[in-house]
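**Q** Work out the full structure, taking the sequences as your base and the hints as a guide.
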Amino acid sequence: MLVAPDTSPRVRLPGDDSSWDFGLAAGFYVDATEAPWAAHYRMYSYVTSELPKLVESAFPADPRRRGIFGHSMGGHGALVCALRNPDRYRSVSAFAPIAAPMQCPWGVKAFTGYLGTDREAWRDYDASELVAQRAFHSPVLIDQGTADKFLVEQLHPETFAAAARQSGQAFELRMHAGYDHGYYFIQSFVADHLRWHAQALA
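Using the working numbering, the first residue of the sequence shown is number 3, and each one after it goes up by one.
It should be emphasised that the hints constitute simulated quantities derived from the structure, not laboratory data. By construction, the Cβ of each residue, glycine as well, lies at the ideal position given by its N, Cα and C atoms. Hints are not guaranteed to be accurate.
[Stated by the list, open to error] Here are the simulated lysine to any residue pairs, SDA-like style, with alpha carbons at most 25 Å apart:
hint: 1; residue 1: K55; residue 2: R44
hint: 2; residue 1: K111; residue 2: H183
hint: 3; residue 1: K151; residue 2: L203
[Said to hold, decoys possible] Quick list of simulated restraints, FRET-style, between CB atoms:
hint: 4; residue 1: V192; residue 2: A37; range: 35 to 41 Å
hint: 5; residue 1: A149; residue 2: R90; range: 33 to 39 Å
hint: 6; residue 1: Q201; residue 2: P38; range: 41 to 47 Å
**A** Now the structure itself:
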């Protein structure tokens with residue numbers, strides 16, 4: 003089965019729709035600690051704990067066989083959830099993930115708003131920081147388009163690759179000429195990701 007969680011808890015808060023990269027459209031899959039977000043913006047716990055329990059209570063899911071993947075901010079979330087919980091996931095992949103959020107404007111904005119100004123607290127939600135310390139037990143697949151307008155400033159797959167080499171993490175970073183950040187990019191390669199996870203979960 004394929005389960006697609008939302009990007010935020012969809013609880014209306016002041017200023018939650020003032021920008022497209024924070025709030026309603028961008029929960030960043032963290033457990034917020036700053037007001038007013040801390041009361042509801044707990045998307046990390048939702049994805050890793052609450053949602054799996056809900057799915058397993060309603061459907062014949064096998065909790066021993068889970069994989070996780072996502073796109074952009076969701077790719078960031080997938081990498082972080084897997085790297086922090088290797089016992090809960092057998093496989094992980096990402097499309098154009100925000101791979102080093104502590105080093106990009108999107109991540110700095112989100113982490114400051116949700117987690118405060120202590121950058122040490124941000125490390126738990128930065129895939130490059132996490133993978134440098136401890137490798138995931140299985141290879142990581144990342145697809146990235148070379149024509150992605152966010153590649154240089156926001157995504158930093160090369161930072162994740164360097165951190166993965168540091169810890170000995172097995173990974174495949176596939177750079178696709180001419181592809182951007184959009185849905186046709188995902189449509190072109192999502193079957194590869196489904197096969198990647200199916201093989202790991204079989």
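**Q** In ascending order, which of the hints set out earlier in this document are inconsistent with the structure?
**A** When the structure is compared with the hints, only number 3 turns out to be violated.
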